[in-house]
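A.B. asks: Top line first, the protein sequences correspond to chains P and V. Take 1 as the starting number for the first sequence in our numbering and just add one per residue. Take 1 as the starting number for the second sequence in our numbering and just add one per residue.
A few of these clues could be false.
Where chain V lies over chain P, by a calculated footprint (3+ residues, C-beta under 8 angstroms) [as the list claims (entries may be wrong)]:
1) 234-246
2) 435-441
Straight-line distance between alpha carbons at most 25 angstroms, and here's what the computed DSS-like set of lysine-lysine pairs gives [what the hints assert, rightly or not]:
3) V:K83 <-> V:K448
4) V:K467 <-> V:K505
5) P:K352 <-> P:K326
6) V:K339 <-> P:K348
7) P:K326 <-> V:K83
8) P:K326 <-> V:K337
9) V:K338 <-> P:K326
10) V:K259 <-> V:K216
11) V:K467 <-> P:K352
12) V:K338 <-> P:K348
13) P:K348 <-> V:K337
14) P:K352 <-> V:K478
Cβ pair distances, simulated, as ranges [unchecked claim]:
15) P:R403 <-> V:L199: 43 to 53 angstroms
16) V:V271 <-> P:D516: 48 to 58 angstroms
17) P:F83 <-> V:R281: 27 to 37 angstroms
18) P:N540 <-> V:G285: 25 to 35 angstroms
19) P:P373 <-> V:L202: 41 to 51 angstroms
20) P:V264 <-> V:I282: 52 to 62 angstroms
21) V:Y284 <-> P:D496: 50 to 60 angstroms
22) V:G285 <-> P:D31: 24 to 34 angstroms
23) P:K404 <-> V:R281: 30 to 40 angstroms
Read the hints as simulated data drawn from the structure, not as lab findings. Quick caveat, the model's predicted, so the values are computed rather than measured. Ideal Cβ placement from N, Cα and C applies to all residues, glycine included.
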Amino acid sequence: MLASITTNKVYLILFLIVLFAGILRFYRVTDYPVSLYWDEVSSAYNAYSIANTGKDEFGTPHPLLFRAFEDYKTPANIYLSAFPVKFFGLNEFSARFTSAFLGTLTVLITFFLIKELLGKPVISLTSGFWIGSDYLALLTSFFLSISPWHTQFSRTGFEANTGLFFIVLGSLFLFRFIRRERPLNIYLSSAIFAVSIYFYRSIWIFVPLLILLFLIVYRKVLFAKVNLKNTVIAGLIFLIITVPFAPIMFSKQGLIRARQVNVVDNSTAQTARFISNQQNFQGIVGKIVFNRRVAYAQEVIRGYLSHYSASYLFFQGDGNGRHGVKGVGVMYLYSIILILPGLFVLSKLERKSRWIIITWLLIAPIPAALSVPAPHALRSLNMLPMPQLVQALGFFMIFVHLRKNLRIFFSGALVIIILFFFVRYVFSYYGPNANLTSSEWGDGYKQLTEYVFENEKPYDKIVISGHYWQPYIYFLFYKNYDPAKFQAGGSKKGFDKYLFGGTSWDMNGKELGDQDLKKFANTSNALVALSPVEYNLQKNNLEVVKEIKNHNNEVVFIVGTLK
Amino acid sequence: MRKYINSKLFLLIIITVAAFLRFYQLGINPPGLNWDEAAWAYNSYSLGIDGKDEFGKLPVSYLESYGDYKPPLYAYLGVLPIKIFGLDAFGTRFPSAFFGVLTVLLVYFLVKEVFFKNKTEPKIESTALMASFFLAISPWHIMLSRGAFEANVSTFFIILGIYFFLRAVNKNIWLLIFSAASFAASFYTFNTARIFVPLIVLFIAFMFRKNLFAAKKQVLVSLLVGFILVLPLVPFLFSPQAKLRYQEVNIFSDINIVKTTNQEIANDHGVFWSKVIHNRRIAYGREFLKHYFDNLNPGFLFITGDGNPRFSTQDTGQMYLWDLPFLLVGLYILFRKKKGYYWLLPVWLLLGIIPAATARETPHALRIETVIPTLQIITAYGFITFLFYFKKYRKVVKVLFLIALFLNFYYFYHGYMTHYAREYSSEWQYPYREAVSYIQDEKHKFDKIVITEALGRPYIYFLTYGKFDPKEFRKEAKIEREVFGFVHVRSFDKYKFENDINLNKLSANTLYLDVPRNLTINAKIVKTFYLMDGKPAFIAYETYK
Numbered sequence: 001m002l003a004s005i006t007t008n009k010v011y012l013i014l015f016l017i018v019l020f021a022g023i024l025r026f027y028r029v030t031d032y033p034v035s036l037y038w039d040e041v042s043s044a045y046n047a048y049s050i051a052n053t054g055k056d057e058f059g060t061p062h063p064l065l066f067r068a069f070e071d072y073k074t075p076a077n078i079y080l081s082a083f084p085v086k087f088f089g090l091n092e093f094s095a096r097f098t099s100a101f102l103g104t105l106t107v108l109i110t111f112f113l114i115k116e117l118l119g120k121p122v123i124s125l126t127s128g129f130w131i132g133s134d135y136l137a138l139l140t141s142f143f144l145s146i147s148p149w150h151t152q153f154s155r156t157g158f159e160a161n162t163g164l165f166f167i168v169l170g171s172l173f174l175f176r177f178i179r180r181e182r183p184l185n186i187y188l189s190s191a192i193f194a195v196s197i198y199f200y201r202s203i204w205i206f207v208p209l210l211i212l213l214f215l216i217v218y219r220k221v222l223f224a225k226v227n228l229k230n231t232v233i234a235g236l237i238f239l240i241i242t243v244p245f246a247p248i249m250f251s252k253q254g255l256i257r258a259r260q261v262n263v264v265d266n267s268t269a270q271t272a273r274f275i276s277n278q279q280n281f282q283g284i285v286g287k288i289v290f291n292r293r294v295a296y297a298q299e300v301i302r303g304y305l306s307h308y309s310a311s312y313l314f315f316q317g318d319g320n321g322r323h324g325v326k327g328v329g330v331m332y333l334y335s336i337i338l339i340l341p342g343l344f345v346l347s348k349l350e351r352k353s354r355w356i357i358i359t360w361l362l363i364a365p366i367p368a369a370l371s372v373p374a375p376h377a378l379r380s381l382n383m384l385p386m387p388q389l390v391q392a393l394g395f396f397m398i399f400v401h402l403r404k405n406l407r408i409f410f411s412g413a414l415v416i417i418i419l420f421f422f423v424r425y426v427f428s429y430y431g432p433n434a435n436l437t438s439s440e441w442g443d444g445y446k447q448l449t450e451y452v453f454e455n456e457k458p459y460d461k462i463v464i465s466g467h468y469w470q471p472y473i474y475f476l477f478y479k480n481y482d483p484a485k486f487q488a489g490g491s492k493k494g495f496d497k498y499l500f501g502g503t504s505w506d507m508n509g510k511e512l513g514d515q516d517l518k519k520f521a522n523t524s525n526a527l528v529a530l531s532p533v534e535y536n537l538q539k540n541n542l543e544v545v546k547e548i549k550n551h552n553n554e555v556v557f558i559v560g561t562l563k
Numbered sequence: 001m002r003k004y005i006n007s008k009l010f011l012l013i014i015i016t017v018a019a020f021l022r023f024y025q026l027g028i029n030p031p032g033l034n035w036d037e038a039a040w041a042y043n044s045y046s047l048g049i050d051g052k053d054e055f056g057k058l059p060v061s062y063l064e065s066y067g068d069y070k071p072p073l074y075a076y077l078g079v080l081p082i083k084i085f086g087l088d089a090f091g092t093r094f095p096s097a098f099f100g101v102l103t104v105l106l107v108y109f110l111v112k113e114v115f116f117k118n119k120t121e122p123k124i125e126s127t128a129l130m131a132s133f134f135l136a137i138s139p140w141h142i143m144l145s146r147g148a149f150e151a152n153v154s155t156f157f158i159i160l161g162i163y164f165f166l167r168a169v170n171k172n173i174w175l176l177i178f179s180a181a182s183f184a185a186s187f188y189t190f191n192t193a194r195i196f197v198p199l200i201v202l203f204i205a206f207m208f209r210k211n212l213f214a215a216k217k218q219v220l221v222s223l224l225v226g227f228i229l230v231l232p233l234v235p236f237l238f239s240p241q242a243k244l245r246y247q248e249v250n251i252f253s254d255i256n257i258v259k260t261t262n263q264e265i266a267n268d269h270g271v272f273w274s275k276v277i278h279n280r281r282i283a284y285g286r287e288f289l290k291h292y293f294d295n296l297n298p299g300f301l302f303i304t305g306d307g308n309p310r311f312s313t314q315d316t317g318q319m320y321l322w323d324l325p326f327l328l329v330g331l332y333i334l335f336r337k338k339k340g341y342y343w344l345l346p347v348w349l350l351l352g353i354i355p356a357a358t359a360r361e362t363p364h365a366l367r368i369e370t371v372i373p374t375l376q377i378i379t380a381y382g383f384i385t386f387l388f389y390f391k392k393y394r395k396v397v398k399v400l401f402l403i404a405l406f407l408n409f410y411y412f413y414h415g416y417m418t419h420y421a422r423e424y425s426s427e428w429q430y431p432y433r434e435a436v437s438y439i440q441d442e443k444h445k446f447d448k449i450v451i452t453e454a455l456g457r458p459y460i461y462f463l464t465y466g467k468f469d470p471k472e473f474r475k476e477a478k479i480e481r482e483v484f485g486f487v488h489v490r491s492f493d494k495y496k497f498e499n500d501i502n503l504n505k506l507s508a509n510t511l512y513l514d515v516p517r518n519l520t521i522n523a524k525i526v527k528t529f530y531l532m533d534g535k536p537a538f539i540a541y542e543t544y545k
């Protein structure tokens, strides 16, 4: 039953799904999200710098960690972005191209991954009811193509999303090896997994766990006498590719981001409570029970479990404006009705595939659990595309348990429900939500650079506020400033005739509010752009010429000349 | 035969443990009577003296109290314990703790009815014992049994009603009458029962429709009994007071949702598709589901518990983290094996959350207490199935896992017995006890005592801790009733209660009890009352003579 569908038809449907995914990921990708945020601009400019000079913005040749904002960005996404930057030039489209393109391809290869994962061409859902794995794979791809979680991150230059592509691809080749035992597949797989490590810090934890999982579940295949040699070679390939990165990963710079967000250094309230309790109750028991480490463990477990809470998954996501649309979870609300039966139907699958799916779902949030804040949609992105597979399974589970005449009714109703939530999401994404999150995307910088580049001629110096963090990168980016020149004579404090203020909360930077602007610019013929906060303190020294507003109609910069 | 004795012995041990955990230090931890407990205490006391409540009425369908129209049964249950143990915390909490222990016992028998056809299997016997044991040490149930929470008693009646229903179907259909009576009792005990009970009864009746149709006489008699018992309540349920109370906490009366959707439609200039996707009915539906699923939030269930410290120590979830894997296993096995009336447990769980989902504050451990036994039974089922999976080393595995559970339990219990009272004494209105006893000693020196209402409902503490004669209170008290039904006691005896004491108009020969504040020059502090963590909560002051 339901097993017969011609291969041509399957590929036609797949093509349509991928096309649809492409439209959702590329349609007006430069306008929505409303602005490029700091990390996107920085990655794109470093890619530009690499493409043209082979060095990063600081002049380091071919770095394995990009110093950027002293956050030491992982390298792969930047190198990969050098191609579109070279091809399309340094602009908003090329900055987002890699993620949108690989995001679209992820939808495609998800189809093949699911087919290989499920193994047989047809699988039995209930006794007597067989369903083609084609159907499940197509539906999974479809759910991924409209997933708010995946769409959101594919439309921005998030390196986690490009990394996800390599994880899915690596798993695909590993399954191809397991099913067909052709050595090339496992070599490719280990090479791709090794490359994925270079993409994102949460992948450092996730991919080794995933590989371990495969090794345990498929130990009989992978360590069989005939395959042992290939497995060992694949292991060596993995090592050779990751070896240059390993010492850097664990260096001070490599771990800097981990230090900024880890639980131990960032869970203060609960720790303080525990310590106060400990002091109140002296003695060995109190020391054991109300131990700092218990508080950390509690925080980690809470963070881990929060990735399975309904309010995160289906209602509001992680609350970060860059990670989703307000009032929509990382999955659509309708997924609730598919996920529960889907989880249940896992028990009907073949044992080994089942363990891969379940454990994949369970290990994905581990990196996010070790950091704050949790839940975190980006750091747990590696969970994809398994939730979509579970939804697809859930759909067929309900479908096969219905009487024949109800099946059409159910499918029709579900289509309407999906359409409703999908339309609501899309309208919200391109509608009010886009402007509401303006400030989280660094919106206003582009408008400022446009104004400045048009009016800068008569001035000796241009002074720009650092209140919103790292203004220099936007000026480099929108000016397409020659990276060789910047490496030689520029810095975060200024290049050409631009001078940039500091950010008070970052590295003890000094903002421009209480500084002598004439002294700062070393001339009185300067154009100055300040945040409203700084402007209030400099009111008497400035002649306002222009207010720069963001898409949400908030004044972001006040531009003036020195009095 | 040996098995049989063993089982009884285990059950006895479990009940003893349950009783110890619920009664030991019941009068001093939690460290004071909260507002509602104090109200129960005094109303029970008053009922015990002349059969009338504090305001001189005979409470049938409701107890007026602060104007929150409490279901009255708990006050009646408290009469005897307060007569025996005196008007204080122990007696007030006695009914809750007592029925809590009974619930632990009842759950054992409930499991045997749910799996009636397999009840002699060792797996089911062990599950019943284990479920009862898990409930005995459940942090959720312990904390709710140790406060005068009427919900805890209501939970007992609901479980009893369901137990009798199953027993009636399994054994003797006449027992339906007891089932009806128990459900009716729950109606008089806690508000959420009035939503949950009709839902679950309809559902069970539907599932057992064949058995019920076969016994029309018994069903009719039971319906009649239930109807007669609930009848006195009906006029009140449809009164404006009951409605008001419900609306206060209800999401469907939350006007913000309508405002938001209207705004969103206006943003899109009121076009057709916008009216569809921003429909307020869908927004309400979404809101309902969100609040519903809040109650299944893993952080709430397994890590920190309810945000309200009266229901959780904030360090342990409503359940132990240990329970989590076995709860999942149990759910899975339940559906996989489909033994007995397996469907009852998940349906009970799902229906039990509905009353809380319509409320604004979620998750809410008190309003969903009805679901406690299902969680414990499913966890026990999962744990026992897991144990039976091992054949050779079953004992070793069992001991290891129970040690882990004990550590989890100890972590909770240590926190609860040593730190909880100190950390959260303000949640239990701790300073009132000392303040009232001080003022009673000093009262004769002053003409008037003026007390702030800043910490809420001071009058009840002067009645309860002061053991004031209810007859005299009714005679002297000046009482105001708001349009919305709220009751304010303005004064009785020498006591006068003020919203906000004006420091510029202090009178002589008067003792003031106030929250800590900077006094004007003409007054002096005579005593300060502290919370258990050392923060000042009240000051007593008088003018210089």
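A.B. asks: Could you work out which of the previously given hints the structure breaks and list their numbers from low to high?
C.D. replies: 1, 2, 3, 4, 5, 7, 8, 9, 10, 11, 14, 15, 17, 18 and 20
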